[in-house]
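*Asks:* So you can see what is in the structure, the chains are spelled out below.
There are 2 protein chains.
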Amino acid sequence: MPEAFEQDYPLQQLKQVTKSLNSGQFVQVRSMLAQTAPCDTALLLESSPHKIRRMLWQLVDPDLRGDVLEELSEDVRLGIIAQMEPEHIAAATEDMDDDDLGEVLRSLPDTVYQNVVGAMDSPDRERATQALSYQERSAGALMNSDTVTIRPDVTLDVVLRYLRLRGELPEGTDDLYVVDKHNCFLGVLSLTTLLTNSSDKVVRELMDEDCESIPISMDESDVAQLFERHNWISAPVVDDNDHLLGRITIDDIVDVIREDAEHSLLSLAGLDDEEDTFAPVLKSSQKRSIWLGVNLLTALLAAIVASFFENTLAILPVLAVLNGIVPSMGGVAGSQTLTLVIRGIAVGHINQTNQRFLLLKELAIGALNGVIWSVLIAGVVAIWQWDFKLGAVLAFAMFMNLVAAGIAGASIPLILKRMKIDPALAGSVVLTTVTDIIGIFAFLGTATWLLI
Amino acid sequence: MPEAFEQDYPLQQLKQVTKSLNSGQFVQVRSMLAQTAPCDTALLLESSPHKIRRMLWQLVDPDLRGDVLEELSEDVRLGIIAQMEPEHIAAATEDMDDDDLGEVLRSLPDTVYQNVVGAMDSPDRERATQALSYQERSAGALMNSDTVTIRPDVTLDVVLRYLRLRGELPEGTDDLYVVDKHNCFLGVLSLTTLLTNSSDKVVRELMDEDCESIPISMDESDVAQLFERHNWISAPVVDDNDHLLGRITIDDIVDVIREDAEHSLLSLAGLDDEEDTFAPVLKSSQKRSIWLGVNLLTALLAAIVASFFENTLAILPVLAVLNGIVPSMGGVAGSQTLTLVIRGIAVGHINQTNQRFLLLKELAIGALNGVIWSVLIAGVVAIWQWDFKLGAVLAFAMFMNLVAAGIAGASIPLILKRMKIDPALAGSVVLTTVTDIIGIFAFLGTATWLLI
Numbered sequence: 170m171p172e173a174f175e176q177d178y179p180l181q182q183l184k185q186v187t188k189s190l191n192s193g194q195f196v197q198v199r200s201m202l203a204q205t206a207p208c209d210t211a212l213l214l215e216s217s218p219h220k221i222r223r224m225l226w227q228l229v230d231p232d233l234r235g236d237v238l239e240e241l242s243e244d245v246r247l248g249i250i251a252q253m254e255p256e257h258i259a260a261a262t263e264d265m266d267d268d269d270l271g272e273v274l275r276s277l278p279d280t281v282y283q284n285v286v287g288a289m290d291s292p293d294r295e296r297a298t299q300a301l302s303y304q305e306r307s308a309g310a311l312m313n314s315d316t317v318t319i320r321p322d323v324t325l326d327v328v329l330r331y332l333r334l335r336g337e338l339p340e341g342t343d344d345l346y347v348v349d350k351h352n353c354f355l356g357v358l359s360l361t362t363l364l365t366n367s368s369d370k371v372v373r374e375l376m377d378e379d380c381e382s383i384p385i386s387m388d389e390s391d392v393a394q395l396f397e398r399h400n401w402i403s404a405p406v407v408d409d410n411d412h413l414l415g416r417i418t419i420d421d422i423v424d425v426i427r428e429d430a431e432h433s434l435l436s437l438a439g440l441d442d443e444e445d446t447f448a449p450v451l452k453s454s455q456k457r458s459i460w461l462g463v464n465l466l467t468a469l470l471a472a473i474v475a476s477f478f479e480n481t482l483a484i485l486p487v488l489a490v491l492n493g494i495v496p497s498m499g500g501v502a503g504s505q506t507l508t509l510v511i512r513g514i515a516v517g518h519i520n521q522t523n524q525r526f527l528l529l530k531e532l533a534i535g536a537l538n539g540v541i542w543s544v545l546i547a548g549v550v551a552i553w554q555w556d557f558k559l560g561a562v563l564a565f566a567m568f569m570n571l572v573a574a575g576i577a578g579a580s581i582p583l584i585l586k587r588m589k590i591d592p593a594l595a596g597s598v599v600l601t602t603v604t605d606i607i608g609i610f611a612f613l614g615t616a617t618w619l620l621i
Numbered sequence: 170m171p172e173a174f175e176q177d178y179p180l181q182q183l184k185q186v187t188k189s190l191n192s193g194q195f196v197q198v199r200s201m202l203a204q205t206a207p208c209d210t211a212l213l214l215e216s217s218p219h220k221i222r223r224m225l226w227q228l229v230d231p232d233l234r235g236d237v238l239e240e241l242s243e244d245v246r247l248g249i250i251a252q253m254e255p256e257h258i259a260a261a262t263e264d265m266d267d268d269d270l271g272e273v274l275r276s277l278p279d280t281v282y283q284n285v286v287g288a289m290d291s292p293d294r295e296r297a298t299q300a301l302s303y304q305e306r307s308a309g310a311l312m313n314s315d316t317v318t319i320r321p322d323v324t325l326d327v328v329l330r331y332l333r334l335r336g337e338l339p340e341g342t343d344d345l346y347v348v349d350k351h352n353c354f355l356g357v358l359s360l361t362t363l364l365t366n367s368s369d370k371v372v373r374e375l376m377d378e379d380c381e382s383i384p385i386s387m388d389e390s391d392v393a394q395l396f397e398r399h400n401w402i403s404a405p406v407v408d409d410n411d412h413l414l415g416r417i418t419i420d421d422i423v424d425v426i427r428e429d430a431e432h433s434l435l436s437l438a439g440l441d442d443e444e445d446t447f448a449p450v451l452k453s454s455q456k457r458s459i460w461l462g463v464n465l466l467t468a469l470l471a472a473i474v475a476s477f478f479e480n481t482l483a484i485l486p487v488l489a490v491l492n493g494i495v496p497s498m499g500g501v502a503g504s505q506t507l508t509l510v511i512r513g514i515a516v517g518h519i520n521q522t523n524q525r526f527l528l529l530k531e532l533a534i535g536a537l538n539g540v541i542w543s544v545l546i547a548g549v550v551a552i553w554q555w556d557f558k559l560g561a562v563l564a565f566a567m568f569m570n571l572v573a574a575g576i577a578g579a580s581i582p583l584i585l586k587r588m589k590i591d592p593a594l595a596g597s598v599v600l601t602t603v604t605d606i607i608g609i610f611a612f613l614g615t616a617t618w619l620l621i
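Chains V and X, in that order, give the protein sequences. Sequential numbering from 170 applies to the first sequence in the numbering used here. Sequential numbering from 170 applies to the second sequence in the numbering used here.
FYI, nobody ran anything at the bench for these hints, they're computed from the structure. It is possible that part of the hints are untrue.
Unchecked claim - In silico DSBU-like pairs for lysine-lysine, Cα to Cα no more than 30 angstroms straight-line:
| id | chain 1 | residue 1 | chain 2 | residue 2 |
| --- | --- | --- | --- | --- |
| 1 | X | 452 | V | 586 |
| 2 | V | 184 | X | 184 |
| 3 | X | 452 | X | 188 |
| 4 | V | 586 | X | 586 |
| 5 | V | 220 | X | 188 |
Unchecked claim - If the Cβ cut is set under 10 angstroms, some of the chain V residues that face chain X in the computed set are:
| id | residue |
| --- | --- |
| 6 | 215 |
| 7 | 248 |
| 8 | 281 |
| 9 | 341 |
| 10 | 431 |
| 11 | 444 |
| 12 | 458 |
| 13 | 519 |
| 14 | 541 |
| 15 | 594 |
Said to hold, decoys possible - Computed beta-carbon distance windows for the label pairs:
| id | chain 1 | residue 1 | chain 2 | residue 2 | range |
| --- | --- | --- | --- | --- | --- |
| 16 | V | 204 | X | 388 | 24 to 30 angstroms |
| 17 | X | 388 | V | 399 | 25 to 31 angstroms |
| 18 | X | 291 | V | 374 | 26 to 32 angstroms |
| 19 | X | 184 | V | 304 | 25 to 31 angstroms |
| 20 | V | 275 | X | 536 | 33 to 39 angstroms |
| 21 | V | 323 | X | 340 | 55 to 61 angstroms |
| 22 | V | 455 | X | 302 | 38 to 44 angstroms |
| 23 | V | 323 | X | 315 | 27 to 33 angstroms |
| 24 | X | 548 | V | 477 | 43 to 49 angstroms |
| 25 | X | 552 | V | 254 | 48 to 54 angstroms |
| 26 | X | 340 | V | 373 | 18 to 24 angstroms |
All C-beta atoms in this analysis are idealised placements derived from N, C-alpha and C, irrespective of residue type, glycine included.
Please model the complete structure; the sequences and the hints are all you need to start from.
*Replies:* Pasting the structure below:
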């Protein structure tokens with residue numbers, strides 16, 4: 170009898186493997202890994218520090234390595250491939266799906282690529298060339314050629330006999346694709362339609378002709394949105410002349426959805442898309458240093474702005490004490506708007522027709538927030554420092570900066586997008602610069618004017 | 170012949186609808202909406218400002234409303250339901266899947282819920298009670314009861330005849346579930362196995378007994394991870410005694426994956442999970458104000474820390490100019506680590522066995538970053554202000570704060586998780602508080618000690 174899935178199974182296994190590795194029981198680990206499903210081995214590798222990961226990989230059965238590679242996340246996969254011999258890479262890619270094969274090959278340095286392709290046999294080499302011919306992040310690069318095609322003018326009985334003769338169907342097959350003799354896509358016949366209709370009916374009567382096909386050049390995020398909206402399990406891919414080229418399956422789409430969502434999350438913190446949690450220290454610091462460098466520049470810029478008011482600060486040091494509050498609130502309010510707009514762009518809710526409304530809405534929220542928080546901060550500071558004029562100056566700066574944060578948070582990603590710059594990556598640094606500088610100017614400038 | 174999908178179709182449509190609405194051509198919009206697929210209508214509603222959304226909803230064919238509601242994101246759906254009459258809600262939920270029905274009913278205020286259930290007929294009411302009996306965010310709440318079950322001791326031929334007799338299969342059926350006479354789950358027979366084997370074979374010989382079933386109480390994120398790892402299209406759900414209760418399909422899992430990934434993104438900015446981009450201004454500001462309030466407290470706390478050094482600031486106003494740099498860099502470095510750890514927890518890569526390694530790794534990155542950026546900032550400031558001692562003080566503070574940021578960024582989410590507090594929601598505010606206060610103390614404290 171099948172057993173219900175144990176929730177902490179991978180964790181238990183990870184503990185076991187780590188223990189065995191530490192005590193040098195390699196044979197035991199090897200046999201454990203041989204009995205582990207490739208997807209679980211992949212999780213194990215992803216959850217291991219890079220040194221243990223390298224040892225583990227050596228202990229994975231060579232016959233299973235291709236399957237494990239397919240399941241790994243990109244960054245981890247690349248790290249492992251970088252240490253493999255070209256002929257081993259060629260062997261591991263033999264049973265890979267076309268899309269994974271393309272991804273692996275694309276990631277190789279030129280010389281290694283030549284060696285890997287050189288180590289392949291002729292049909293594999295052809296498959297590799299084909300897989301590489303599609304643009305990265307397009308429907309073509311997600312596609313597999315493992316379609317099952319039938320003709321429109323045969324009966325279901327013929328189809329049933331053909332399938333039995335054919336034997337196994339590709340994983341995730343839910344539809345048979347109906348094509349004419351020129352391989353032009355005509356429609357789909359779902360397995361459920363095939364199974365629930367009388368076998369003397371003809372395919373043409375039952376096939377779904379309204380089924381949408383995906384153009385080979387469509388962007389993968391658009392493909393994912395279609396899958397998500399229409400609840401597809403698989404979808405046919407066609408060229409410009411409607412020739413059937415292959416199909417895309419939901420498992421690859423799930424990866425795209427996950428990656429797209431993580432892209433926004435990681436980019437907003439200036440991290441690389443596929444950053445591996447357990448990468449070596451040097452590699453990680455290198456990846457993060459660009460972002461820190463950019464931030465240092467903006468922090469210096471803010472310092473330069475503050476330096477214009479050095480005389481004011483010398484006369485009224487309490488301004489230095491309070492100077493962090495307005496930029497901080499502006500940064501938080503702005504990044505709320507920014508995050509929401511970036512998410513809205515990513516899921517396709519924001520477009521030309523509603524941009525204006527969005528901008529006005531965020532402006533209104535900024536103004537409303539501005540009123541609330543400026544009154545509050547004015548009260549707190551007036552009582553704390555017993556200086557009502559100081560409270561009023563802080564309130565004015567707070568209001569100005571929260572309004573600016575609303576406008577900047579909504580418009581920066583839209584402008585960046587129009588300039589074809591990734592809003593998730595560049596948005597937050599531009600925003601912080603704006604809210605920092607406006608915040609400092611508004612507070613110290615008004616204070617210089619009114620309090621000195 | 171089916172046409173390849175037009176990429177900007179929803180945008181075109183949105184423009185068209187907005188134009189027609191603005192010129193008052195309601196009849197035209199109504200007939201347009203009647204020809205639109207429910208998933209596209211849902212996108213249209215989600216992309217519309219709330220006033221237009223309300224008008225649009227009135228123009229949606231009542232027979233299609235249930236389907237559209239199913240496709241809507243939670244926040245938007247709730248907004249629409251809040252304006253519907255109980256009997257209309259009851260009618261719209263009639264054809265809903267069990268999981269969507271449960272979600273809708275759970276979201277209703279108590280009195281409305283009573284009225285809606287009162288307006289249902291008896292079988293629907295029973296279904297509603299059943300759907301509500303499962304815990305929110307559990308496998309049960311994701312599940313539908315639309316399984317197709319067969320017995321192990323019949324031949325494929327019997328199964329084929331049964332399916333033909335039965336007619337239509339539920340959407341997304343890829344497996345038939347094999348149960349004994351007590352409805353205990355025994356295994357699955359995939360449609361592809363059914364189609365590619367000789368019809369005189371017996372189900373028991375061909376069924377997959379190793380197939381894992383999902384316990385009804387499993388958390389939905391864990392279920393999603395299983396689907397993702399194993400590339401499932403559907404999976405059976407069982408109770409503690411292995412009785413088959415229903416199945417979960419990939420389309421609902423895609424929603425869970427999207428929501429989980431967005432949860433981290435939105436929570437890190439202090440936004441509500443299901444925040445609707447086009448919600449009314451008042452509702453949005455209210456949702457965002459808690460976060461701004463918390464941030465105001467931490468900014469005040471930082472100001473209080475700075476106020477300890479007011480004398481120092483009065484003597485050396487240049488310190489006030491530079492005071493923002495160290496906390497800013499600490500905040501950015503810390504949030505990089507924080508984001509990565511939160512992502513790692515969400516995808517299941519971080520657990521007890523590798524926490525220690527992770528902490529040490531981030532500490533090392535913090536120290537390395539600390540050396541790089543403190544040397545750089547010391548040089549810049551020493552030259553700018555022509556004060557080498559000031560440069561050294563800034564460098565020391567920078568190093569301390571970047572090390573603190575690494576430790577805090579890695580440990581805060583792990584500690585919060587152990588305290589069962591959502592790290593994505595509380596993490597960044599705790600982190601900023603730590604890096605702000607340590608940054609100010611380290612810089613102004615050292616300066617007071619060495620420069621005054």
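*Asks:* Now look at each hint and say whether the structure bears it out.
*Replies:* Now for the hints, and whether the structure bears them out:
1. 452/X - 586/V: 27 angstroms, holds
2. 184/V - 184/X: Violated, at about 56 angstroms.
3. 452/X - 188/X: 27 angstroms, holds
4. 586/V - 586/X: 36 angstroms, violated
5. 220/V - 188/X: 61 angstroms, violated
6. 215: At about 5 angstroms, which falls below the 10 angstroms cut-off, the nearest Cβ of chain X leaves the hint on residue 215/V intact, so it holds.
7. 248: At about 14 angstroms, which exceeds the 10 angstroms cut-off, the nearest Cβ of chain X leaves the hint on residue 248/V violated.
8. 281: Where the cut-off is 10 angstroms and the nearest Cβ of chain X is about 27 angstroms from residue 281/V, the hint is violated.
9. 341: 6 angstroms, holds
10. 431: Hint holds; residue 431/V Cβ to chain X Cβ min 6 angstroms, cut 10 angstroms.
11. 444: Holds. Min distance 6 angstroms.
12. 458: 7 angstroms, holds
13. 519: Nearest chain X Cβ about 7 angstroms off; hint holds.
14. 541: Where the cut-off is 10 angstroms and the nearest Cβ of chain X is about 7 angstroms from residue 541/V, the hint holds.
15. 594: 13 angstroms, violated
16. 204/V - 388/X: 24 to 30 angstroms: 26 angstroms, holds
17. 388/X - 399/V: 25 to 31 angstroms: 27 angstroms, holds
18. 291/X - 374/V: 26 to 32 angstroms: 39 angstroms, violated
19. 184/X - 304/V: 25 to 31 angstroms: The hint (25 to 31 angstroms, Cβ to Cβ) holds, given that residue 184/X and residue 304/V are roughly 28 angstroms apart.
20. 275/V - 536/X: 33 to 39 angstroms: Holds - the Cβ-Cβ distance for residue 275/V and residue 536/X, about 35 angstroms, lies within 33 to 39 angstroms.
21. 323/V - 340/X: 55 to 61 angstroms: 26 angstroms, violated
22. 455/V - 302/X: 38 to 44 angstroms: 53 angstroms, violated
23. 323/V - 315/X: 27 to 33 angstroms: 31 angstroms, holds
24. 548/X - 477/V: 43 to 49 angstroms: 23 angstroms, violated
25. 552/X - 254/V: 48 to 54 angstroms: Distance hint for residue 552/X, residue 254/V holds at roughly 50 angstroms.
26. 340/X - 373/V: 18 to 24 angstroms: Since the Cβ atoms of residue 340/X and residue 373/V sit about 23 angstroms apart, the hinted range of 18 to 24 angstroms holds.
Figure legend: structure checked against the earlier numbered hints; hints not met, in rising order: 2, 4, 5, 7, 8, 15, 18, 21, 22 and 24.
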